[in-house]
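Trainee: What follows is the residue order along each chain.
Number of protein chains: 2
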Amino acid sequence: LADPPQPVPLEVVLVSPRNPLNIGAAARAMANFGFSSLSVAAPFAPHWREARSAVGAPDLLQKAKEFPSLVEAVADCTLILGTGTVTHRKPEQPIISLPALTPLVQREVDRGGHIALVFGPEKHGLTREDLSFCHQLVEIPTDPRQPSMNLGQAVAVCLYELATHVAPPAAVEAASTVRGQGLPVDSAHLNLLAEVIEKVTLSAHYSPYSMRDANRHDLRMLLRRLSLSQRDTRRILGFFRRILHRLKG
Amino acid sequence: LADPPQPVPLEVVLVSPRNPLNIGAAARAMANFGFSSLSVAAPFAPHWREARSAVGAPDLLQKAKEFPSLVEAVADCTLILGTGTVTHRKPEQPIISLPALTPLVQREVDRGGHIALVFGPEKHGLTREDLSFCHQLVEIPTDPRQPSMNLGQAVAVCLYELATHVAPPAAVEAASTVRGQGLPVDSAHLNLLAEVIEKVTLSAHYSPYSMRDANRHDLRMLLRRLSLSQRDTRRILGFFRRILHRLKG
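These protein sequences, in sequence, are chains F and P.
So for the first sequence, the numbering used here puts the first residue at 1; every next one is plus one.
So for the second sequence, the numbering used here puts the first residue at 1001; every next one is plus one.
Bound-form chain F, shown alone (with noise of 0.2 Å):
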């Protein structure tokens, strides 16, 4: 007999899920693989009621917390994992399939980070601007001719691929010779930084103010490129907020 899977810092996150059934087996298939952790976005109110309601619902579905959009859902998350297939768009950040992640969540557990897995509603999933709180795109490889998952079912497979392969946290001392590297820095941090990056760029009229949406969205997913860590994330914060208060000045 296996031994049962072991839990990893992992907070799932549905983004405005439609179908009451789809929440209920996300969430049935989170306590199969040994998760506990849910958060909802932007969640239609009356399905919302009827999933929790459900006879059967899982504790984990009670538990739940629930956020007005992505933002602040994975304000703490320090690795945002969107997951969907790019089938009719083009992606704008990194792109790894399913049976690769293990290496990349693997190094978050170890370093003590706290990841977001990211699933979209149902019919278009996730958006542009709910692509660009994302660290990555996940891909799970489907075929071609019908890729497009049910939201329960894609769940599931995530979950099981993860909890089949990482290793929960190492233990004390081990972790803290890799956090010696620099804790991660959380979503939160990110989003203070380009807001104080932003205005800097405003007031030094980097560009036209036509331009200010696309700099912003481009910024976001730059500072998600970087991998900062939480001591480096301050850093340039002092570093921007005195360039701001200079040509402010």
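Rather than coming from a laboratory, the hints here were simulated on the basis of the structure.
Backbone N, C-alpha and C define an ideal beta-carbon position, used for all residues, glycine too.
Treat the hints with care, as some may be off.
[What the hints assert, rightly or not] Stretch-level coverage of chain F by chain P, calculated; a stretch enters the list once three of its residues show a Cβ under 8 Å from a Cβ in chain P:
#1 14-28
#2 31-45
#3 136-146
#4 156-165
[Stated by the list, open to error] Calculated from the model, a selection of chain F residues having no Cβ within reach of chain P, i.e. all distances over 10 Å:
#5 GLN62
#6 ALA214
#7 GLY238
Starting from the structure of chain F, add chain P where the hints point.
Mentor: Relative to the frame of chain F, chain P by itself:
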């Protein structure tokens, strides 16, 4: 982008599935992972009709084969894999954890075999009788606090694992080398052999008649542990037919 998974000669068999949504989900997972051969054994007629006529039901659901029981559904299969958890019963056949299944399936693919992956009814899973036709019991490693998976999700997880790790049948030359060891025997011929051996044991007064059912069950499983080739099965069959003829003569 990952290459699409290649198909392997695999039959998905659902035994008495109850929920049309689960049947649909199983079919969808098959399409997602590039499998197209579905069989249903002893389905509940109205649920099965409903599943097949559902809007957007994949093509493979329309083409699914229907059988009165598992025996007929797997008659031409050479490696029959039952799925389920063994929390509440003592297993009688070898158990293999899903992540370790690849080499077994790959060997069967390479030697020209035909694999059946069998899923039981939602409520109680495969019966002892069903399992006696299986060579191995495949277990998805789940949390002991919530071991039982939803049917559609279990199908998705198993097919993901096989589509990701099992290569398609080897090229003709390579395959014929492997096949020189003898093509694997299918379930129908094992059943025929078991029948003749049973007649011999009865003719020879091997054990009391009251043991007949138990002996039949044990013999069925014993024959499945032997990994017989077609040629060896024919030889053994001839041998026992001769004995039977002599005992009766």
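Trainee: Hint by hint, where does the structure go against what was stated? Just the numbers, ascending.
Mentor: none
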